[in-house]
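As you go down the protein sequences, you meet chains A and B in turn.
Everything in the first sequence is counted per our numbering, starting at 91 for the first residue and increasing by one.
Everything in the second sequence is counted per our numbering, starting at 5 for the first residue and increasing by one.
No lab work stands behind these hints, which were simulated from the structure alone.
Just so it is clear, the structure is predicted and the values come from calculations on it, not from any experiment.
You can take every hint at face value.
Counterexamples of contact, computed for chain B against chain A with all Cβ distances above 10 Å:
| no. | residue |
| --- | --- |
| 1 | 141 |
| 2 | 158 |
| 3 | 229 |
| 4 | 243 |
Part of the chain A face toward chain B, derived, beta carbon under 8 Å:
| no. | residue |
| --- | --- |
| 5 | 183 |
| 6 | 185 |
| 7 | 205 |
| 8 | 206 |
| 9 | 211 |
| 10 | 227 |
| 11 | 266 |
| 12 | 289 |
| 13 | 291 |
We put the CB at the ideal spot given by N, CA and C, even for glycine.
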Amino acid sequence: MATGTTFAHRHILGMEQLSREDIVHILATADSFKEISTRSIKKVPTLRGHTIINLFFEPSTRTRLSFEVAAKRMSADTFNISPSTSSTTKGETLADTARNISAMHPDIIIIRHSCSGAPLFLTRYVQAAVINAGDGAHEHPSQGLLDLMTVKEHRATLSGLKIAIVGDIAHSRVARSDIIGFTRMGSEVYIYGPATLIPKGIDQLGARLCASLEEAVRDADVVMTLRIQRERQNDPLLPSLREYSRQFGISRHILSLARPDALVMHPGPVNRGVELPPEVVDGPQSVILDQVTNGVAVRMALLYLVMGNS
Amino acid sequence: MNVSWHIRGGRIIDPANGIDRVADLLVVDGRIAGPAQAVPPGVVEIDARGLWVVPGLTDMHVHLREPGEEYKEDILSGTRAAAAGGFTGVACMPNTRPVNDSATVTAMIVARAAAASARVYPVGAISLGSEGTHLAEFGEMRDAGIVAVSDDGRPVRDSQLMRRALEYASDFGLPIISHSEEAALSTGVMHEGPVATRLGLKGIPAAAEAIMVYREIALAELTGARVHIAHVSTAMAVDLIRTAKSRGVPVTAESAPHYFTLIDEAVSGYDTATKMNPPLRSAADREAIRQALADGTLDAVATDHAPHSILEKEVEFDLAANGIIGLETALPLTLALVRDHVIDERRLVELLAVNPAAILGLAAGTLSPGAAADITLIDPERRFVYTADQIVSKSRNTPFLDWTLQGRAVLTMVGGAIRHTLLAA
Chain A
91 MATGTTFAHR
101 HILGMEQLSR
111 EDIVHILATA
121 DSFKEISTRS
131 IKKVPTLRGH
141 TIINLFFEPS
151 TRTRLSFEVA
161 AKRMSADTFN
171 ISPSTSSTTK
181 GETLADTARN
191 ISAMHPDIII
201 IRHSCSGAPL
211 FLTRYVQAAV
221 INAGDGAHEH
231 PSQGLLDLMT
241 VKEHRATLSG
251 LKIAIVGDIA
261 HSRVARSDII
271 GFTRMGSEVY
281 IYGPATLIPK
291 GIDQLGARLC
301 ASLEEAVRDA
311 DVVMTLRIQR
321 ERQNDPLLPS
331 LREYSRQFGI
341 SRHILSLARP
351 DALVMHPGPV
361 NRGVELPPEV
371 VDGPQSVILD
381 QVTNGVAVRM
391 ALLYLVMGNS
Chain B
5 MNVSWHIRGG
15 RIIDPANGID
25 RVADLLVVDG
35 RIAGPAQAVP
45 PGVVEIDARG
55 LWVVPGLTDM
65 HVHLREPGEE
75 YKEDILSGTR
85 AAAAGGFTGV
95 ACMPNTRPVN
105 DSATVTAMIV
115 ARAAAASARV
125 YPVGAISLGS
135 EGTHLAEFGE
145 MRDAGIVAVS
155 DDGRPVRDSQ
165 LMRRALEYAS
175 DFGLPIISHS
185 EEAALSTGVM
195 HEGPVATRLG
205 LKGIPAAAEA
215 IMVYREIALA
225 ELTGARVHIA
235 HVSTAMAVDL
245 IRTAKSRGVP
255 VTAESAPHYF
265 TLIDEAVSGY
275 DTATKMNPPL
285 RSAADREAIR
295 QALADGTLDA
305 VATDHAPHSI
315 LEKEVEFDLA
325 ANGIIGLETA
335 LPLTLALVRD
345 HVIDERRLVE
355 LLAVNPAAIL
365 GLAAGTLSPG
375 AAADITLIDP
385 ERRFVYTADQ
395 IVSKSRNTPF
405 LDWTLQGRAV
415 LTMVGGAIRH
425 TLLAA
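Just chain B, same shape as in the assembly (with noise of 0.2 Å):
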């Protein structure tokens, strides 16, 4: 496979080295070449002209349902969503059956994983079976590939595991990400407001997520270990973040784009495919996350991709499972920021790329020379419309089906490996 590519004209977009400016950029056997390096003779050139290049995207919060739950999605698949949507890197949390508790599962993921259109990088799980009592072996699972450790779907209701998962998951480098819901306030399917009164469901206040992020902060503040806030879906949360992160509070957070784009109104026909965890909050929250992505008080705009089949979503409102797919829709969603003038191209690139490597420690989100030649080329101005037929993702659990998106990956490069290409050869 050639890895080896020329590529001419683009929009270079390289916050970790302050570039952007339109400029070639050149790839040798896999890698970022420096300024000073010749072009070899036959390497391929990529017209990049009207394109923005950028390191590849990662995605920090993804369910590849691999091992367990094959029919919804697995890592081959998940992966080729992944680079159809412009990500060269997807973490992979750790609900899975069986649970990614144990270096054995780490091990089968990052085996599975040899073939996968995307860098997969494993979340191990804080406690056994996500059960929330005894600690996993965060040692060997670091050891077997993970990045971080997380309780993902199951928050941790044992304040005193949570301190001691931190302060043990220090030792190793790895950062906890943390569900942040108070489950006692959380037996609701969808945010608590007039929405929810007047269609007759059952609210989850964003007390509940306020709660258990102002815990995870106290903690942190405690322990001094590091602590990333998953899915914020609140203005609570955001301003609980903020004012730790004011006073030195070793926290980071992320968001989804269902966050910044839909709010809890969008449930009104009782579709299934609005149905997450946390739910679709008011306008308020909507604008609040919006306004915490552009100042800093998020740090990343992760999917939480999570692929269900229909028999999980074709039921009842109350009975239908969490989640929707969000690799093939987060890039389209976050230009409308841009677009918008909420953030600008720089902190797009911050938000999807440059952050969440850092956050997971990876040697990723740069074009540094020496850098693996992890490259996501973008057409902000394509429109598409995201149809049932072109879905990637096994699972079609998306409210954003048959929208009129506009800004997409044209090619998606890992190690110099094209992955996803919508450019003519």
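Looking at chain A on its own, in the form it has when it is part of the complex (with noise of 0.2 Å):
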């Protein structure tokens, strides 16, 4: 709509499958979406008849708020179906709950899963189109768009910025989304965290491995920060939250190193005094309010463009 250019994807997988082009399709069209959450009435009929499902099988509060409020705003009838209620519990296999749920006819399903590649798999039983909102530690692309957005917002060009990432990048799909999708803008990305959660060949999707938390900040754009856990099935990969803090946390000091306009992003939810102190996360850098924002008008632009195509 924004643009001229026709959306090819039937399905929302993830950053690797969208190409520069699609990207700058996909937000101009999230940009055109923005200012109707801004209206007193923030309602458009655009997906009205439109049943959209939101299959969640990991807990979500944000992700799954955002794209419900971007489907209502479209006038589509959503649903949620989450571990809790779903019958996977009673030991459905994700084929069957698909094959079911495609029986109703949606026509959008918007997955969360554990498993990286459950989305993937989804497609094979299903008509409906297929949104990842998170698969295991692979993608979570409306998250990678809705940053690539934010920064946008902030920035002339994406071209050439330094966007550094710290904090769990082998647990992330943030991390991956964001490498991919900022990558392709012609960005850098620079990577930092103990290397407990550092994965092997991390750089060969196109990110740059620091030695140094400084090195990874310095002259810095953008200052992303993913979410911390101490331990994960019983793999020890940190002392503490405080030693994590102390030796790999953002402080104003940290911060200070990135140009003085860096903005300081976080996909949420913040473990305050963890990955960031409070004053930054509150600090007149951050931009963690904006992501929220802007992952409303994103989900609203991949609803959109993933109907028009199917």
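Make the complex out of the two chains shown on their own, each in a separate frame, by following the hints.
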């Protein structure tokens, strides 16, 4: 709509499948939808009569709410299925769940799943368009897009920017989507975190692995931090969150190494005092709430675009 | 059933006797006849011109799923798949339900195998229930018919138990087959590396294999007992085995066709037919496996034939069972190594027939006069598309589905009885 190009994707599975032109198109569409959320009557009829199912196998507050708000503002009918209410606890397989949902003829299924590849798996069993709302440690494309949108609002171009991503890269689907997305738009992505949280070969996604926090943050345009967990499934990743905050957290001092107008971002939820101290979370450089606002616009754009292609 | 044949004009490749020449081979009453023996009247001829005539192939590492998981495979279906792939014998791993950890289970398998399409050599468990705590009764199981012991699929964590198992197994002439994997490092679902990182799948590092391979080598050196390393997948393990062999440690090893054919990149579509343990490794690992098969560091090609139904495989990648079927694709995939000039024809027969039989102490892998007529006829040129409808195994979990393969067993003979043939009558 905002640009003349057509959108060729039936599903949104990851940033990996999106070209630079696709991303430009999605961001322009999201930009044009953003205004709807500021109206007194926040609703357009665009997706009236369309059925959208939120299929969330993993707990999520903000992503699910964001998709639901986006869908309702476009007048779609939305339904939520989460693990506690779905029949998966009775032993139904994802394939059977998918076949059953598909038999009800939804238009779009938004899936969040702890297993990487689950959204792709879903596409084999349903007629609906599938949007990945986060799969394992693989991708979270709507988050990647909203991050791009947020930075683009503050910079003339994404090209040539230095993006520092700090924290748990290994378990983060946001890191992968951001690395692919920013790199594709011409930014340079610098990665840093404790070695226990850096996955093998991350540089092959296009990111540059730094030897120190200072190297990652120095002269950065964006400092993106990721949520930390001390231990996962008996895997001892960090001795303590206290040590993490001192050795790897973005203090005001560390932030002062970045460009004076550097943006501080976090996909949420923030562990206040761990990845970021409160004064940085709430500080003038933080655009964390802008990310949330843009999330709705990006998700409206994705719903619109995948429907336009069906 | 007719068990006498005159196999005419084939290329006989019999490394155990140093033979590689075009000749006739006479089978009388289920046994290989000597060169002096006259052809009895009425013996049926098999035209083997253009074919290779080799000792029957032995797959020393398969899972037949019986008893307990017959919906995946059973002894009859698994051995039909074996015969279709050119195998005249298979060694079946003990991780059935119940585990083959007693003479009773062994005897049941042996009894069921009487009607099988290939010889079945049961492998007994190292520990009761393969739980890694108490030694199973190797002697009783040996008397019932086991040819080796292994806790395949459940790597032995306790080094003292493994040491005692090696020592005790040597009393009965049984090799230990080690599934070499350090469990604490093996919580992932594919090879740890850039592909796993891109896919967001948890990795299993090459070190998980190498650490345990070294433990087994050290224990074999300590005890003097024989250890055989199953499904070697990494360059690190190959290096350890090569060094150990050079100083005379009694270690042998196998790898599987998928490790010298595919790499971790094959997992990219989250296809659960690419999930197995150990996982598909890097291109460098694949190259090391190929070289090790050629230079003798690896002794055998074994399939790790691991049938699973769609119940275990039509699920999220993280949740899928490990393993692929392999009996019907092993020969063409190994023949590809010959065409690629990695190994020669003689080495192929050593890897698939001579060495597996020798490691397990079987009277097989040879075309010597007097030996049982376990013979495989191979057409090295024959091409086929491996489609789902022609799979003989009960299960279809293979990453080679719809591949065009070259080279095929066109006749499989066990004790003179034809168990598989694609030749015109």
